[in-house]
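Student: Starting from the known structure of chain A, arrange chain B with the ligands on it as the hints suggest.
The listed protein sequences derive, respectively, from chains A and B. Numbers 1 to 492, taken from the working numbering, label the letters of the first sequence in order. Numbers 493 to 984, taken from the working numbering, label the letters of the second sequence in order.
Keep in mind that the hints were calculated from the coordinates and are not lab data. Note that CB positions come from ideal geometry on N, CA and C, so glycine has one too. It is possible that part of the hints are untrue.
[What the hints assert, rightly or not] Sample of chain B residues at the chain A side, in silico, Cβ under 8 Å:
1) E538
2) A542
3) L560
4) K598
5) N644
Protein chains: 2
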Amino acid sequence: MSKKLTTRKEDYSRWYNELVVTADLAENSAVRGCMVIKPYGYAIWEKMQAELDRMFKATGHQNAYFPLFVPKSLFEAEEKNAEGFAKECAVVTHYRLKTDPDNPSKLIVDPEAKLEEELIVRPTSEAIIWNTYKGWVQSYRDLPILINQWANVVRWEMRTRLFLRTAEFLWQEGHTAHETKLEAIAEAEQMNNIYAEFVENFMAIPVIKGVKSENERFAGALETYCIEALMQDGKALQAGTSHFLGQNFAKAFDVKFTSKEGKQEYVWATSWGVSTRLIGALIMTHSDDQGLVLPPNLAPIQVVIVPIYKGEEQLEQISVVANEMAEKLREVGISVKFDNRDTYKPGWKFAQYELQGVPVRIAIGPKDLEKGSVELARRDTLSKEVVPQDMVVEKVKGLMIEIQENLFERAKNYRDSHITEVENFEEFKEVLETKGGFISAHWDGTSETELKIKDKTKATIRLIPIDGKMEDGKCILTGNPSSQRVLFAKAY
Amino acid sequence: MSKKLTTRKEDYSRWYNELVVTADLAENSAVRGCMVIKPYGYAIWEKMQAELDRMFKATGHQNAYFPLFVPKSLFEAEEKNAEGFAKECAVVTHYRLKTDPDNPSKLIVDPEAKLEEELIVRPTSEAIIWNTYKGWVQSYRDLPILINQWANVVRWEMRTRLFLRTAEFLWQEGHTAHETKLEAIAEAEQMNNIYAEFVENFMAIPVIKGVKSENERFAGALETYCIEALMQDGKALQAGTSHFLGQNFAKAFDVKFTSKEGKQEYVWATSWGVSTRLIGALIMTHSDDQGLVLPPNLAPIQVVIVPIYKGEEQLEQISVVANEMAEKLREVGISVKFDNRDTYKPGWKFAQYELQGVPVRIAIGPKDLEKGSVELARRDTLSKEVVPQDMVVEKVKGLMIEIQENLFERAKNYRDSHITEVENFEEFKEVLETKGGFISAHWDGTSETELKIKDKTKATIRLIPIDGKMEDGKCILTGNPSSQRVLFAKAY
Ligand SMILES: [Zn+2]
Ligand SMILES: [Zn+2]
Chain A
1 MSKKLTTRKE DYSRWYNELV VTADLAENSA VRGCMVIKPY GYAIWEKMQA
51 ELDRMFKATG HQNAYFPLFV PKSLFEAEEK NAEGFAKECA VVTHYRLKTD
101 PDNPSKLIVD PEAKLEEELI VRPTSEAIIW NTYKGWVQSY RDLPILINQW
151 ANVVRWEMRT RLFLRTAEFL WQEGHTAHET KLEAIAEAEQ MNNIYAEFVE
201 NFMAIPVIKG VKSENERFAG ALETYCIEAL MQDGKALQAG TSHFLGQNFA
251 KAFDVKFTSK EGKQEYVWAT SWGVSTRLIG ALIMTHSDDQ GLVLPPNLAP
301 IQVVIVPIYK GEEQLEQISV VANEMAEKLR EVGISVKFDN RDTYKPGWKF
351 AQYELQGVPV RIAIGPKDLE KGSVELARRD TLSKEVVPQD MVVEKVKGLM
401 IEIQENLFER AKNYRDSHIT EVENFEEFKE VLETKGGFIS AHWDGTSETE
451 LKIKDKTKAT IRLIPIDGKM EDGKCILTGN PSSQRVLFAK AY
Chain B
493 MSKKLTTRKE DYSRWYNELV VTADLAENSA VRGCMVIKPY GYAIWEKMQA
543 ELDRMFKATG HQNAYFPLFV PKSLFEAEEK NAEGFAKECA VVTHYRLKTD
593 PDNPSKLIVD PEAKLEEELI VRPTSEAIIW NTYKGWVQSY RDLPILINQW
643 ANVVRWEMRT RLFLRTAEFL WQEGHTAHET KLEAIAEAEQ MNNIYAEFVE
693 NFMAIPVIKG VKSENERFAG ALETYCIEAL MQDGKALQAG TSHFLGQNFA
743 KAFDVKFTSK EGKQEYVWAT SWGVSTRLIG ALIMTHSDDQ GLVLPPNLAP
793 IQVVIVPIYK GEEQLEQISV VANEMAEKLR EVGISVKFDN RDTYKPGWKF
843 AQYELQGVPV RIAIGPKDLE KGSVELARRD TLSKEVVPQD MVVEKVKGLM
893 IEIQENLFER AKNYRDSHIT EVENFEEFKE VLETKGGFIS AHWDGTSETE
943 LKIKDKTKAT IRLIPIDGKM EDGKCILTGN PSSQRVLFAK AY
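Okay, chain A solo, but in the shape it has when bound (with noise of 0.2 Å):
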């Protein structure tokens, strides 16, 4: 609190490095790769959850919960999808410790308690589900199951940043069994408008729907569609993905039912999901050098008031006034905290909201006791204005959708104007290191190309847009024939 944030133009990584910590969301932990998210941080993520959770269920969908661990037989079962985790998993191998003869305040692994088959702590639980849909489905009347998991999940990635990529992380996950190939398609990309909604409506950040090319696609999935944001550093970010997985895990764990004709069909299959990761894209979409700013929608605390006061006498007369108004407020549903702490001077609590993105300040001090007004700060532009305490609740239920729709036109703004077509390399590479953004251009559709030019410039593709227009094209690295632009960018 005592020194300023590294600003966004001195080192984006450490700004956004500095400003997770600060503004109390999350920090690292004792293990490698693993966070510890703190409670500010983490009632962002409730009310995160509480959402995607609402929109889940109206749409029919349940929640369950399946096991941690997956037997190593399991895991390997469908092979692509083994392959694309293998590399990035914690194994447990043993199941208990015992006293260190050599030295008995410590401890070692029981050599004697060392599994028959390991277990691999779950990088994503298709494995450990389909195995147990086979004995959920014996007919198409035990068909669609609808689910969805809220969970932590484990992938020992090498190189760490707090929510963005981390060893632990919490997500939920989605796991559809259904009758027909056409159904399955529609529920993957139901999954992902739904994400997409959410994301725009209450992260306040644009998106642009796709699917994923074979490269970059999901291990295992036939089709992946995502939705990709634009962070303000110019690099994109995958906000959510929903895979088609055809009939791979239906194979792999002999998954059947009988039709409504009688024969003996292969499960069609989807899986969706979206993790802690959304935290570091709202961090990085709004957020200024002050600070975070969070949109109203998912802020824990909307409106903060802070008394400015000298002696407890004007304390309690501006607390009457605080209090009731924060009466009104909650209310009509609008979340707020009276600091009324004396540990701290208002300056300091000034910064600190400030640091922690709430949307509304409103300070009271004497003046305005006498003048029946309040200051009224907004978080997203800084700008200030008194106004009369019997117009604070119409004026803050205003600003709560003003301030909630500016932040998402100011980053539809900017990720507009970081859309850049591109006809050749040249161009492709001079937009790539200079103005960053997604950059649209021709390809001719191989994963050889794709690699090529990830080798060449670290831009992958993103997305193939799903409303993109048709146009002939030539591809920017070979010039072969290509259909439709597909949006290229540097990623996180």
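Tutor: Below, chain B with the ligands alone, put in the same frame as chain A:
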């Protein structure tokens, strides 16, 4: 569904297992000792979570999230705690798999990806959390810390049973830090009271509050507060615990603060938790030979409406009435399912919802359409009555309260009639073998005696009652003087 449950009298333990599986609450998984919590079981857990979370927040607690893994060096820092859990730990030793050179379709643990320090999958989080709190606490202004975590934990139990004892389970664990001993004790007592309130008012399970004997205390605690319930087979079940941890963890992790007087002092700690084990208690307290019986406060579906019809036209007529009724019930906050599936017959549905413990069933047939009535059945008493359609909402509203109270009363009558005072060890053994339940007896206060009794009878001291009356007596085993009766029982 087709075959009947084993009755409680035939085989209580088998009845329980069959019920859990056939009522679609949970099932065993491919991972030894780990369960799959199915959507219906998980919906009960979500209702429990929502209410507990509300109670925790109303008393000033916030949620956060700490890592799944505990490095071995932190795990062993608090010696008693480490000792208590070392024998049942899942240990991660490697972070990568690789293709088996002898069999390219298989994976093996990559010996080159061995961790320098093993990671313990948390059996409880005191160690990782207190290591984190160290960085959060400098002055008295940083206290109290009132944090709760919803998480999965792993204890490698050898004999497991669905919900009651599983290698992985879901729980909440509160971890608080305080300036003074008295404040920490008050917190531990408060949380035990909150558990009692929740279990009695929401789960309709009567509990007795007390403290554990030294022998049954949580590893690392100075005092363990607990609530104990009695199952229908006369065995006790610990429903929740709250621990006063003294300064043990603060000392192990060197967590000190500067007091208001400017002195360096160690922080005082509590921790408290309840788990998915409570679902086992819920099942065993209320259910009968027909299946699950759920208290309305926790039932995912409070009312089910089943149409009895021949042909599409009748179904349509009944649907008009049913949908309107469902709508009105939902308006007063009651969760309703109208089961209009034509793939199952009414008799099958009746049996299914009975098995699944839905508190109220409404059946509507052609005669009901004529008469403007419905048939309403209570799950708790299995009684039926005919009710005019326009009285249904009032009737059901009343039943939600009545059934909740009836279940609590029924369980309380059973519990109260199964607390038996005994004066000597012969009586003790006889009551234990014939009647079961809680046995109220004098005990000389030593662990030695307690362990001898356990050895001879398998009964343990479930608790030293908090509001037990003081009474001089003689220990049933040793004849040594005692000033208070304690409650013994065989326990889950
Ligand atoms: Zn720019
Ligand atoms: Zn009895």
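Student: Each of the hints needs a verdict: does it hold here or not?
Tutor: Against the structure, the hints:
no.: 1; hint: E538; result: holds (7 Å)
no.: 2; hint: A542; result: violated (10 Å)
no.: 3; hint: L560; result: holds (5 Å)
no.: 4; hint: K598; result: holds (6 Å)
no.: 5; hint: N644; result: holds (6 Å)
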